[in-house]
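Participant: So the chains spell out like this:
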Amino acid sequence: MLFAAEAEEETSPFVELINHLTPHQYGWAPTWEIAGIDLSITNAVFNMWLAAFLVMGTFWVAASKRKLVPAGIQNFVEVTMDFIKSNIVYSVMKPKDARAWFPYVAATFLFILFMNLVGLVPWIGFTATSNIWVAGALALNLYLMAVAIGMAKHGPFTFWRKTVVPPDVPKVLLPLMVPIEIISQLARPFSLAVRLFANMLAGHVILYIFVGFIFLAGSSFALAHVAVIPVAMVLEAGFTAFEIFISFIQAVIFAFLATIYINDALHPGH
Amino acid sequence: MGILLAAEEGFNPLAVEPGLYVWTTIAFLTVFFVLAKKVFPKLEEGLADREAKIKEEIEKAEATKAEAEEVLADYKERVAAARDESSRMLEEARQSAETVRKDLIERAEGDARLIVDKARKQLAGERERILGALEGQLAEWSTTIAGQILQKELSTESHRELVESFIRDIQEREAAKS
Chain F
1 MLFAAEAEEE TSPFVELINH LTPHQYGWAP TWEIAGIDLS ITNAVFNMWL
51 AAFLVMGTFW VAASKRKLVP AGIQNFVEVT MDFIKSNIVY SVMKPKDARA
101 WFPYVAATFL FILFMNLVGL VPWIGFTATS NIWVAGALAL NLYLMAVAIG
151 MAKHGPFTFW RKTVVPPDVP KVLLPLMVPI EIISQLARPF SLAVRLFANM
201 LAGHVILYIF VGFIFLAGSS FALAHVAVIP VAMVLEAGFT AFEIFISFIQ
251 AVIFAFLATI YINDALHPGH
Chain D
1 MGILLAAEEG FNPLAVEPGL YVWTTIAFLT VFFVLAKKVF PKLEEGLADR
51 EAKIKEEIEK AEATKAEAEE VLADYKERVA AARDESSRML EEARQSAETV
101 RKDLIERAEG DARLIVDKAR KQLAGERERI LGALEGQLAE WSTTIAGQIL
151 QKELSTESHR ELVESFIRDI QEREAAKS
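These protein sequence lines are chains F and D, in that order.
The first sequence begins at 1 in my numbering and counts up one residue at a time.
The second sequence begins at 1 in my numbering and counts up one residue at a time.
Worth flagging that the hints you see were computed from the coordinates, not collected in a lab.
Be careful, since some hints might not be right.
Facing chain D, a subset of chain F residues (Cβ under 10 Å, in silico) [to be verified]:
(1) W49
(2) F59
(3) P103
If you're wondering where the values come from, they're calculated on a predicted model, not measured in any experiment.
From the three backbone atoms N, C-alpha and C, an ideal C-beta is built for every residue, glycine too.
Could you build the full structure based on these sequences and the hints that come with them?
Facilitator: In C-alpha cells form, the structure reads like this:
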C-alpha cells in the first residue's frame with residue numbers, strides 16, 4: 001500500500017506514515033451512521049475490538065481450562081490478576097472496596113494494555129489509545145461513573161462539599177482552595193485522557209519517523225541517506241522495545257489513577 | 001518537515017470522532033461484563049480452591065508432623081524406659097549372680113571343710129588302727145628278737161608285759177620330748 005501510494009504521486013514517506021496515525025475507514029467496511037454519529041469500522045475500531053477479543057479470549061481460556069497447578073496461559077492470567085490486585089487495587093482501596101472494584105479496574109487495565117500492545121504488532125499499525133476520543137471515552141466514562149457513585153452514596157451536596165472543600169483548611173483560604181479543587185476535579189478526566197493519548201501517539205510518531213528515514217533512503221539511494229538505514233533500524237528496534245514498556249506503564253498509570261478516583265468518590269474528603 | 005506536511009494534508013490528532021467514543025464505550029463495557037460476570041468469578045473460584053487445597057495440605061502436613069513428633073516422643077520414652085529396665089535387670093542379674101557366687105563359694109568351702117575333716121578323721125582312725133597293729137606286730141617281733149638275743153625262753157605273758165612296759169617307756173620319752 002505504501003509503495004503504491006508513492007508510485008501514484010510523489011508523497012513524502014513521512015506524510016504517508018504519519019497518516020497511519022489517523023483513523024480511516026476500511027474499503028470493505030460499510031458506512032454506518034446513527035443519529036449523525038459515524039460508526040463505520042475504522043482501523044481504530046478494528047484495533048480496539050481485536051484487543052477486546054484477545055483479552056476476553058485469553059482470560060476465558062484460562063478460566064475454562066484452569067488446573068490446580070497453573071501452567072502456560074493460566075499462569076500468565078493469574079500473575080496478571082495478582083499484579084493488578086496487589087500493586088494497584090489493594091494498595092489504594094480498603095479490602096472490602098477492592099474486592100468490589102477489582103473487576104472494573106482489571107478490565108480497564110487489560111483493555112488499555114492489549115490496545116497498546118496490539119498497536120505495536122506489524123501490519124496492524126494503529127493504536128486505538130493514540131486517539132484522543134478512545135482515551136477520552138475511557139477517562140470520561142470513568143470519571144462520570146466515579147462522580148455518580150460518590151453522589152449516590154453520600155448525596156450530591158455532601159459529596160461535592162467534601163470533594164471541593166478540603167478538610168482542616170482555615171476558612172480564610174477557602175476562596176482560594178475551592179476553585180483550585182474544582183479545577184483539579186475537572187482536570188482529572190482531561191489529564192487522564194491526554195496522558196494516555198499523548199504518550200501512545202508520541203511513541204508511534206517517533207517509530208514512524210525512524211521507519212520514514214528507511215523509506216526515504218530507499219527512494220533516493222543517496223549515499224548519505226543509505227548510511228542512515230542501519231542507525232534507523234537499530235533505533236527503531238530499541239524504541240519498539242521501549243514502546244512495549246511504555247504500553248505497560250501507561251496501562252498501569254491509568255488503572256492506578258482510576259482506582260484513586262473511584263476511592264476518592266467512595267470516601268470524599270479523606 | 002514531514003510531520004508539518006502531514007498536518008497540512010489532514011493529520012489532526014484532535015479530530016472530532018464521536019463514533020470512537022461510542023465504540024470505545026461499547027467495547028469496554030463488553031470486556032468489563034464478560035470478565036466480571038463470566039471470567040473473574042471462575043478464576044477467583046479456582047484461586048479459592050487452590051488456597052483451600054494448600055491450606056488443607058498444610059493442615060494435614062502439620063497434623064502428620066505433630067503425630068510424628070508424638071510418635072517420636074513416645075518412642076524415645078519407650079527407649080528410655082527399656083534402657084532403664086534393661087539396666088535394672090542387668091543390676092539384678094549382677095546382684096543375683098553375686099549372691100549365687102557367694103553362696104556357691106560358701107557351700108564349696110563348707111563341703112571342702114567337711115571332706116577335709118572327714119579325711120582327717122579317717123586318717124586318724126587309720127593311724128590308730130595302724131599303730132595298734134604295729135604295736136602288736138612290734139611286740140611279737142620284739143619278743144622273737146629278744147628271745148633270740150637272750151636265748152632265754154620267757155612266757156608269752158611275761159614277754160607282753162615287758163614289751164608293753166618298753167613301749168610305754170618309749171611313749172613317755174616321746175611325750176616328754178614333744
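Participant: Next step is simple, just say for each hint if it's right about the structure.
Facilitator: Quick rundown of the hints versus the structure:
1. W49: Because about 6 Å separates W49(F) from the closest Cβ in chain D, which is inside the 10 Å limit, the hint holds.
2. F59: Cβ of F59(F) sits 4 Å from chain D, so the hint holds.
3. P103: Constraint on P103(F) satisfied, holds at 4 Å.
Checked against the numbered hints given earlier, the structure satisfies every one of them.
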